[in-house]
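Protein chains in written order, with the working numbering: chain F, 1 to 419; chain G, 1 to 524.
To be clear, the hints were calculated from the coordinates, so they are not data collected in a lab. Model, not experiment: these values are computed from the prediction. Among the clues, some could well be false.
[Stated by the list, open to error] As a list, the in silico DSBU-like pairs of lysine-lysine whose alpha-carbon atoms are at most 35 Å apart:
no.: 1; chain 1: G; residue 1: K32; chain 2: F; residue 2: K315
no.: 2; chain 1: G; residue 1: K270; chain 2: F; residue 2: K317
no.: 3; chain 1: G; residue 1: K97; chain 2: G; residue 2: K28
no.: 4; chain 1: F; residue 1: K317; chain 2: G; residue 2: K73
no.: 5; chain 1: F; residue 1: K397; chain 2: F; residue 2: K316
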Amino acid sequence: MAQATRKKPIASEVDTALEARLAAQPHFRTLRLGTPFQPRIDALGLKQDWYSWAGYRAPHSLWDEELEYFAIRSQAALFDISPMTKYRIEGPGAEAYLDRVTLRDVTRLQPGRVHYTAWCDDDGFVLDDGTLFRLSPTRFRLCSQERHLPWLLDSAIGYEVSIEEETEAVAGLALQGPTSFAILRDAGFAGVERLKVFDLAEFAHDGATVTISRTGFTGDLGYELFVPADKALSLWDRLMMAGELRGIRAIGYTALNRARLEAGLIVANADFTTSEHAIRADRLRMPDEIGLGFLVDPEKGHFNGRRAIFEARTKKKLRHVLVGLEIEGNIPAEHAIVYYRKSQEVGLVSAAMWSPMAKRNIAIASLQRPYGDTIVDDLWVEIYAMRELQYQKLMKKAKVVQRPFIKLDRRTASPPADF
Amino acid sequence: MTSSEVNWDAIVIGGGHNGLVAAATLAKSGRKVLLLEAGSDLGGAARTEEFAPGFRVSAVAHLLNRLHPDVVKTLELERHGLKVERADFMPSVALSKDGSLVLHGAYGEVLTGASPTEQSAWKELRAQLLRYAGVLKPFLSRRPPDLAGMSIAEMTGLGQTALALKRLGKEDMRDFLRVLLMNVYDLLDEQLSDDRLKGLLAFDATLGSHLGPRSPTSLLGLYYRLAGEIGGLAGAQMLPKGGMGAVVTAIRAAAEQAGVSIRPASPVAKVVVEKGRAIGVVTQGGETLRAKTVVSATNPATTILDLVGPREVDTGFVRKVKNIRMKGDAAKLHLALDRPPQFSGVDAAGHKGRLVIAPSPDHVERAFNPSKYGEFSPEPVMEITLPSLADVSLAPSGACVLSAVVQYAPYALRAGWAAGRPQFLKAIMAQLETYAPGIGATVRHAELLTPADIEARYRMPGGHWHHGELQADQMLMSRPVSGWSGYDTPLEGLFLAGAGSHPGGGISGAPGLNAARRIIAMRA
Ligand SMILES: Cc1cc2nc3c(=O)[nH]c(=O)nc-3n(C[C@H](O)[C@H](O)[C@H](O)COP(=O)(O)OP(=O)(O)OC[C@H]3O[C@@H](n4cnc5c(N)ncnc54)[C@H](O)[C@@H]3O)c2cc1C
């Protein structure tokens, strides 16, 4: 009896402990988080075609893949980039810190400017690529595909700098396409016409500030907007209203992915495996092996991976190369194997499409040097085209070509065109 | 900042015994070498100091049991005053209230005070320990194998180990592999029954590390000790005449004769790096000195994080260096006594030996337990020497010096060492009083150096014996950090040569010698 009376309070203690633990596990109830724009996107997501982007519920497509793509190229497309990992990096040592962490020379990045960059581990293998926004002399925002807080914090030892993840606190939108400038102007962002490619500036919005940069992932005229999460919906509405007559459309990732391929841009963990994700030793990539060698600045001071990268260059230890391919025919060669003389396996296509803009069958592929580097003739891809439950094997000629696959004057024209 | 015109082939930072060995070896190869030592005296943790008027003692390290034969030979230390004689070898005495037990000769060639059964069990175990330590010996002296690009010489070294393994025979080899990562407590239980003997061995296995006898891998510490030798005898030990400073004096004489320029009282503030290459140093006085090679024989973490600075190396490397565990647990006690103490049941020869208070392996384990939580042992374990008995120059006539290494005294004592030191001294004195009744009344002066004191006085971070825990994950290819165990660093022209590098600490000179050989081999 004495035992029974003792047991009861213990049991309820356990219950409360369990409840407290469950309450501390929201991820257990919400498998994929919503972004600050989710109410608007859910309303437009007629296809209910979601995927997980860094743990967020993001649309592959909202209503029609084809039309979403053409919204980018002939109207204006609104794409939610809130799940992108964002770090606020601030302090008197921020510039020197980022110069040590990333490949490019950050001392040459002026306040009010953005640059594309990448960063490596000690062995010179790429951890990620991303965009670095210089918001002021001492304040930066680093955007990337993967998460890197432990790495960024350990890199901060010895620098006067603070690093904070702001992925949740800051909502982001990409507004891309020929009418994007006109929409921003009509939405009342006075002065936005002065932004040249890779410029950024702050504008008033709903009692807060929105940072608008002339950047994007489409190779088109376009902008990216960052705003505090609680002002996300009012920003969305402001753009949608202003863009109604200029064909603004919300889009999903499939459309964006096509545009970025035409622009020749690579995606981490799609076109190459980031070094913290790679399990197999031969999947690691140095910048020179994924077409990012141009980011490496030999003139600047020490940066992570410097020793390894230059050693690989001088000792000719680079084993891979990333190239743009043009493939005969019009059947996309997605994930096709690349052959030399139709027989020797030399690489793999990581992204491919029939490009409506380039009117070419294009692809990005990783090849084993010297193929794609010094040997560029006699390359072939083997496409497996599924035709009514049978593969039709096609051996198609592939030509190494320059990236980007398309070059649009309107992307860089200043002032931007008023479509 | 003034810039000196002199250009050196090599600058060695740190005049501990390893720095001196590295400098001397480099100079003997024809290089122009400058050695910069922060302190006014050389030797680092190996020196003889006066701690009370007329009383001198080996300030940190007191027992010589692993000075590497190659160091003695290469630097001709015997010609420069080092004296090692068989008569100097001292016994180890396991003190106990049940009467003491003595290991004579080189680590108990003869055991007295134990039952005949225990004596024969010990004979077998001793032979086995020395056999297995012998297998590890080449590993624990040479440069660790470079897994990526092994040279022929390194292959040969590995081959020798393989051969030694093979020579063990099948059964023995199996057993070697079985016990390699065992804890010492369980191994002793398998083979011995006398708590006094087991206590002594448990103490020796864990001395200088943050492990108790029951901690996994604690047996490695015993192998490390037995892989050392002196005068050609594995496991032998001696108190150098004139204290540990005399050993350093011999190494210094060799260095000076080889042409090393030695500058004491010259702390280095910074290693100068240009385009990924170390090109010299800046002293705290502001002088810039350039050299083709910079060798740091100070702590590896201090070298990378303070002297080089994290900006000049990669994040992953900084991460590894920051993670090196180096919080010491060993304190050093120096007593100036009116007269020699009398340890109960110990004869005159025993008093000249190493007296160990570690009456059982459980006792050692219990002494270790509180250190995990930032508290010192209420009943500490210790090794005691009375160096003035054999070397009267160390104390005024009739008086006596006691030098003891005491565990466990965690570097980061939760209560802080200002408050903790007097309490810990009391706990130590209580132990001493039990084994040497009346000793307390003869204390003229007591100096207790906690790991915090050792850190401050001798520039040993964490006051750590080995400049970094010597445990399986921080040994061999992982010492000081994985990927950089061959004395070189990610910075071209910068090398590490102190106890923090392979094989580890103790007065061996092995890291210093290996580093110098590495540098010489790279240029060749
Ligand atoms: C309590 C205790 C007891 C021990 N007992 C023994 C023992 O009985 N037997 C044994 O074999 N070992 C013993 N050891 C271990 C032994 O003392 C060490 O492993 C050994 O002394 C390390 O030698 P080292 O030359 O590598 O480093 P250190 O002796 O630490 O020498 C490093 C030198 O570098 C100098 N330095 C540091 N920073 C700078 C700078 N910025 N510029 C210039 N110079 C600098 C220091 O002043 C110092 O002289 C003991 C250790 C401890 C802590």
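Right, here's what the structure says about each hint:
no., hint, result
1, K32(G) x K315(F), "holds, 31 Å"
2, K270(G) x K317(F), "holds, 33 Å"
3, K97(G) x K28(G), "violated, 53 Å"
4, K317(F) x K73(G), "violated, 42 Å"
5, K397(F) x K316(F), "holds, 29 Å"
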